[in-house]
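Participant: The primary structure of each chain is shown beneath.
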Amino acid sequence: MLLIRCPVCEMDRPELEFRYGGEAHIARPLDPSKVSDEEWADFLYFRTNPKGLHVERWRHTAGCGRFFNAVRHTVTDRFVTTYKSGEPRPDLEALARKLESAR
Amino acid sequence: MNAPFRTEAGGRVDRARPLSFTFDGKSYPGFEGDTLASALLANGVHLVGRSFKYHRPRGLLSAGAEEPNALVGVGRGGRYTPNLRATQVELFDGLVAESQNRWPSLGFDVGEVNDLAPAGLLSAGFYYKTFMAPAGAWKSVFEPIIRKTAGLGVAPQEPDPDHYTHRHAFCDVLVVGAGAAGLAAALAAAGAGARVILADEQAELGGGLLSERGATIDGVEASAWAERTVAALRANPNVTLLTRAQCFGYYAQNFLGIVERLTDHASSPHPDLPRERMWKVRAKQVVLATGAIERPFCFPDNDRPGVMLASAARTYVNRYGVRPGSRALVFTADESGYAAALDLASAGLAVVCIAELRAQADGPGARAARAAGLAVHPSTVVTGVSGRLRVTGATLGAIGPDGRVTPGQTVACDLVLMAGGWTPAVHLFSQSRGKLRFDEERQVYLPGVSAQDERSAGACNGTFGIAASLAEGFAAGADAATKAGFAATAPATPDVKGEIVPAGGFHGAVPHHRDPQKVKAFVDFQNDVTAKDIKLAVREGMRSIEHVKRYTTNGMATDQGKTSNMQGLAIASDALGKPMPQVGLTTFRPPYTPVTFGAFAGHSRGLAFDPIRRTPTHDWAAAQGAVFEDVGMWKRAWFFPRRGEDMHAAVERECRQVRASVGIFDGSTLGKIEVVGPDAAEFMNRLYTNPWSKLEPGRCRYGLMLNEAGFVMDDGVIGRLAADRFHVTTTTGGAPRVLAHMEDYLQTEFTDLKVWLTSTTEQWAVIAVQGPNARKVLEPLVEGIDISAAAMPHMSLREGRICGVPTRLFRVSFTGELGFEVNVPADYGQAVWEAVWAEGQKHDMVAYGTESMHVLRAEKGYIIVGQETDGTVTPNDLGLDWAIGKAKPDFVGKRSLTRPDLVKADRKQLVGLLTEDPAVLLEEGAQVAAVATPVRGTPALGHVTSAYRSPAAGRSIAMALVAGGRARKGQTLYVPMANGAIAVTVTDPIFFDPKGERLDV
Amino acid sequence: MSDATITAARRSPLSAEASSLGGVTLTPGAPLLRLILRGAEAAEAADTAFGADLPRRPNRSATAGERAALWLGPDEWLLLAPESDAASLPASLASALAQAPHALVNVSHRQTAILVSGSGVEPLLNAFVPLELTEAAFPVGMATRTIFEKAEIVLWRTGSAAFHIEVWRSFAPYVWELLEAVRRENAAN
Amino acid sequence: MKFSALTILRQALAGNLGWPEQWRSPEPKPAYDAVIVGGGGHGLATAYYMAKEHGMRNIAVVERGWLGGGNTGRNTTIIRSNYLWEESEGLYEHALKLWEGLSQELNYNVMYSARGVMMLAHNVHDVQVFKRHVHANRLQGIDNEWLTPEQAKAFCPILNIEKGIRYPIVGAALQRRGGTARHDAVAWGYARGASALGVDIIQNCEVTGIDRDASGAVSGLRTTKGDIRTRRIGVVAAGHTSVVMAMAGVRMPLESYPLQALVSEPVKPIMPCVVMSNTIHAYMSQSDKGELVIGAGTDAYTSYSQTGGLHIASHTLDAICELFPVVRRMRMLRNWGGIVDVTPDRSPIIGNTPVPGLFVNCGWGTGGFKATPGSGHVFAHTVARGEPHPINAAFTLDRFRTGRLIDEAAAAAVAH
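Line order of the protein sequences matches chains F, P, S and G. Heads up: the first sequence is residues 1 to 103, going by our numbering. Heads up: the second sequence is residues 1 to 1001, going by our numbering. Heads up: the third sequence is residues 1 to 189, going by our numbering. Heads up: the fourth sequence is residues 1 to 416, going by our numbering.
Errors might be hidden in some of the hints.
[Said to hold, decoys possible] Calculated cross-link-like contacts (lysine to aspartate or glutamate; reagent style EDC-like; alpha-carbon spacing at most 16 Å):
#	chain 1	residue 1	chain 2	residue 2
1	F	LYS84	S	ASP75
2	P	LYS53	G	ASP288
3	P	LYS894	F	ASP31
4	G	LYS163	P	GLU629
5	F	LYS84	P	GLU839
6	F	LYS34	P	ASP890
7	G	LYS268	P	GLU143
8	P	LYS754	S	GLU41
9	S	LYS150	P	ASP610
10	P	LYS894	F	GLU39
11	F	LYS84	P	ASP610
12	F	LYS84	F	ASP37
13	P	LYS139	G	GLU206
14	F	LYS51	G	GLU206
15	P	LYS888	F	ASP31
16	P	LYS148	G	ASP288
17	P	LYS894	F	ASP37
18	P	LYS754	S	GLU76
19	P	LYS53	P	GLU98
20	G	LYS289	P	GLU143
21	P	LYS776	P	GLU839
22	P	LYS139	G	ASP288
23	P	LYS754	S	ASP75
No lab work stands behind these hints, which were simulated from the structure alone.
Let's have the full structure, built from the sequences with the hints guiding it.
Facilitator: So this is what it looks like as structure tokens:
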């Protein structure tokens, strides 16, 4: 069971309280009627699915109820960082370098 | 009665507490503190089991968790447990144990013919190569035979009467294993003030120290030091000591699973005590002190009862006061073999000689052995044993300078001890995703780079001997405490004297001079994998150790290869001509030892398996004899049979009565969400297909919700309470999903909106009153609301009181009749229900359940999401285009509705189906075809979504999704059934009061 | 809504009675006025109107007399008050908050309370609750939504050895029965 | 060497010294007519049928680890074809028919055991959904029958059909031709068959790049064992498909989830069939060795970590103990995870990609093993001919643009 730092509660909390919400920063087109079928399919279905650092959404369902974003390594499941919804997407390359140097 | 092989004194069994137990029906004596294994040995019983494939007689190889042979069934009835290791079963008075996998008896087992088959016939992988002809014979002939012969014990035949529990726990330092290193680590960490949990699988803490005879620590016996240390730890309130507690799994972020056995060792435990407790521990730091497992030797007939690990013999003598034989031959490649020989000799056993595999026999062990007068033969191997049900002798061989073995003497003995060196128990470390490193010198895998906040200490880290383990344990405990935030220093290592430190070891098959085709030298005892099998797998192209494992089943038995994996790897590496690390290592997976299913399940069983959600008026319905159906976690009243009625009769009566007069229905399970805030209407505009801005407060509207892919997700009636407040209802099963969906969009997409969502599902009891007399029933009860047709039209909402209770009163209908839904605060639900019911009696009110509700709505062609829809259905498919706010620029799912496949003319559309014979009822889920007997492979036109006997229509009715259905109205289609097709006519999906005249009254 | 004139019988979702066993007392909570207040901009006005400062710090509570405000989210509070406040408090809050965007929803009947206290309370709750419950990790006054086996609860520590559980009414018997079962186990230990 | 009882006896008498390698392990050649990426059951089956039915002999299978080391060797081996939509029915039934003769086809006993797969209904909604399957299947000639609880218990005697339990069993759909097979043997059998037809099977060979020429078409791939020139690449990399396809610049509608399974200690036969419950998320069968083989749904978040959480095993086993109360004292022997690639509609993608010469077969989610022979067979056709077989024609990547989804999961959705 993972331990996830909720950036809103400012606490490490058990995975059981959270719900995974898929890849983060997939913005819904502002005017969906203007996008092509390809672009719409991309928004709906196509995901990065990386083997490595993944930027993803979680919701602290059985906690503060807030959605937030996280960077997690999909091989080790280790959370590198979590941050509140609306904050900018972190620089993954910089995070990866930091991880590498910390090893 | 005295057990013949019990020593006169010594050991940690309580000789003042004699016990009696049975094995295979025969009664034996034992002592408190015995294991089943030690007690059997004390009684001279060595033959305890049969192997998996060849049914070879098997005895006790070990004294611990690694035991591959001595699997027994313990207990009776629902408490029967198969496949327990006799070495881990604590004795209690009245224990009943039996051997397994044998017929008719353990001593004479017919299955042993497999052992007599031509050598190599049943070798690794043989079943992949045969049993293929004739086709079909596998299933009917071969597989049933193979299945019967496989398996070990027999599963329990009755449900388990015991219960199991869980506990989440947290600590600064978790120490796994309470041998020298573990005790030292716990002491150091606790001394620094850290909260410590120390868990050990055994009944008594101390690990190997309890089996030690020669060594002293700070001047006292090793076991006494262990006792003293445990007492000190127990006195520390920051320390939790868990005995009989197996740490079985090491999961992400220092989360570990430990299962504690609470009652299996007691003859009459307190009935409220759970059998096992699963500890789910989150530790800041972990110290693994899991010890090492001694390796057997792989030589011909190394599996005969009486062939035993040297360390096990030492444990039986020293800890349990049991002589595991009378005349022992010790076969060693490690100093620890000498320690065993010396201990056995002091316990009065004759040590025939010590066969030292290594060329040099001048280490501390050998010197001590010679000093004690024991014969030591270097460069000597055991090449076989005599005896079938028990060892009677062994043949020795001498290894020449060229590595060849020449036959040597045969010695008479009833015990052959094996000291092949030690394999560190790195299982938990490996589970933690730590990287193992191969130690070239000792040819073992050791913990390398950690992946989590843990460290290993003692034998599991390749550090052998008491002194070194204590020192490493202290350091590890101090390090763990420091990293957990405490100021800690490692205590000074106590003075250890008189120990023989394990050193040496051997890998692979022992060389011998015998015809390899005629002997069996076992690697995996339980699965009967021999050295030959592993070589055969390599010969057949299995180059990865995983392939070797899977092809031979080496290491896949219930001991998960604790004594066989490294041996198998060594033999494979030899056969491949590659060093061990290049052959690879099979993955260590949880659990370390098998864990009871019940322990995982804990309290989630029986009616507590999932919460049972009951509505506020559940008890009333139950008292009326309602039959309930499960919808999600809810219990909903399904129908209310009267004496002698079946469901059909009850539903027909309920439906008729609703349409004739009035019915009462419990709608409390419907999801309810209060949407509040200045932007509430805009939020509704975006989440539902319908327009909401112009809906006036006090009015209701049917709402349709799509997912972003454009498919219908949920629906419900939504009332506007005020400009900034909506009372949203959802389907029963969809409530949590709809709220989560709304929160998702609100929090991450439509963050500009000032609106908030609150679930009110359980705030309100919902009492639906439906039927032409509904108003008459409610009028006398309602206060402050004019419910006349003029004042309160269909699809409106008022707040006021009923029976003195505040209510939100909806005028809505899911029956096509005049109807109201009375929402009252849930605690008042039953009282108001009863008042309505009492008033309703003046009008022959009927209570109806979900089945009648379904019939009544189907007669009107109202859909049910989840029945008419299946996640692939659009509003247009359902004929619900009217519910789409076409002027709205956007709503969730809108864009998807214009995708090419969603605008095709041949999409499946909702229609009505009427059978030619009105008495014939279609089956829900039945397929619809254009012809009576469609050719196989022709796609169906659609399927029947709902079908009922309609009292109002006086015939059967059905709804269906049919390709291009709306254009087929009037056509005859067919519903092919197993006994012939049913002809149907396509109609509108409305079967009663198509103009809705009954609603508007 | 005012409950002052109600004549209909009220029926709690829990029929159990308070009892002690093995050092733990389980008590079904009395009816309370419960309000969910949403909207961070309304907090300041609510402080005054409610009479207790709504906690701004995550997972904390504030009490004033018999009233308590529990932080459930950054813009979400559970306000608890005696049932006798039901007649006046919702209306006075609503008018005090009129100028700030917010949502105030009465959930008095949505959930019920189970009070758990006594020396063995932490290990009892930890049979089902996955949070660390030592006073250092979960001090008096802390309150949060969390998981209770297969149910969701709000867990609020009201004393060194006392917790107040808020649970949706249909889940209350489940939570009660599981607590009862483990209380028996721990008493037998 | 042909495998038979006779050769076994002959070899046994000769000390089993004469068995040849079951497949060759050559070093890669500089160029192949086609390369299959992924040496699991699907990839090996693809290569086998390409060689056997399409005459392509100069082809290779490259595998990052060891053959069958991914989901082939980690799954719970359930085989059935009683799917809902015609497209799925066609695909899985094609596979099932191949299963029925596979041991003989490969001269390798894959132990396909048609012991029956029973899916339990626990409520009215389940009954509606499963009966819909039964009717749909019957129309397509696929066996699937409806059982009462009593009939279900007769078929699986340890099933608990008491009425008062939390999730009572109200009926079951049974496909008698469904069953299990020995997973490793499937990979080994196809490998042996393909190798005998000239296919190079290269293990421990990880693809590190996909080369494309000026026109954008595939020109070769780079591996840890050197560069390989080829104009056709078939990617059959299961959970790692996204990673491999990204090398060719192709984004996929996939997410990779861990899927856990576990086995008990072996016991004498108590479980004659496969039983699945979607409502309480558990399924169980018993291996020929005696182990109870148990699985559940996927973990909740995407991951390439092949270890799952403890709570997943708890949730699976509490459900199993409810369905089969006599196994509560049985013990878990081994718990492991695989990585499954899941598409938005839970159906596979088998076909061409926007990159000429690049073909993909992925997205099998939790249902891949049962399709192995059929998947390999139609994908072999797709790669060899450059266009899909009629059976996989609907399983395009393009369906996510047009909305023509094949949504088996949605069809079972619970609401009302």
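Participant: Quickly compare the C-alpha distance for F/LYS84 and P/ASP610 to 16 Å and report which way the hint goes.
Facilitator: violated (33 Å)
Participant: Are the Cα positions of P/LYS139 and G/GLU206 separated by 16 Å at most?
Facilitator: With Cα atoms ~38 Å apart, P/LYS139 and G/GLU206 exceed 16 Å; violated.
Participant: Please verify whether F/LYS84 and F/ASP37 have alpha carbons no more than 16 Å apart.
Facilitator: violated (31 Å)
Participant: Does the alpha-carbon distance linking P/LYS754 and S/GLU41 stay inside the 16 Å limit?
Facilitator: holds (11 Å)
Participant: Would you mind confirming whether the straight-line C-alpha gap from F/LYS51 to G/GLU206 stays at or under 16 Å?
Facilitator: Measuring from Cα to Cα gives roughly 15 Å; hence the hint holds.
Participant: Given the hinted pair P/LYS148 and G/ASP288, is their Cα-Cα distance within 16 Å?
Facilitator: holds (8 Å)
Participant: Given the proposed pairing of G/LYS163 with P/GLU629, does the C-alpha separation stay at or below 16 Å?
Facilitator: Holds - the C-alpha atoms of P/GLU629 and G/LYS163 are around 12 Å apart, at most 16 Å.
Participant: Given the hinted pair G/LYS268 and P/GLU143, is their Cα-Cα distance within 16 Å?
Facilitator: holds (13 Å)
Participant: So if I understand the rule, the pair passes when the alpha-carbon distance is 16 Å or less; does P/LYS888 with F/ASP31 pass?
Facilitator: Holds, at roughly 12 Å.
Participant: Next pair to validate is P/LYS53 with P/GLU98; report whether the Cα-Cα distance is within 16 Å.
Facilitator: violated (19 Å)
Participant: Quickly compare the C-alpha distance for P/LYS894 and F/ASP37 to 16 Å and report which way the hint goes.
Facilitator: Within the cut-off at roughly 13 Å; holds.
Participant: Regarding the pair P/LYS894 and F/ASP31, is the alpha-carbon distance no greater than 16 Å?
Facilitator: holds (11 Å)
The structure fails hints 5, 11, 12, 13 and 19 (numbered hints given earlier, in ascending order).
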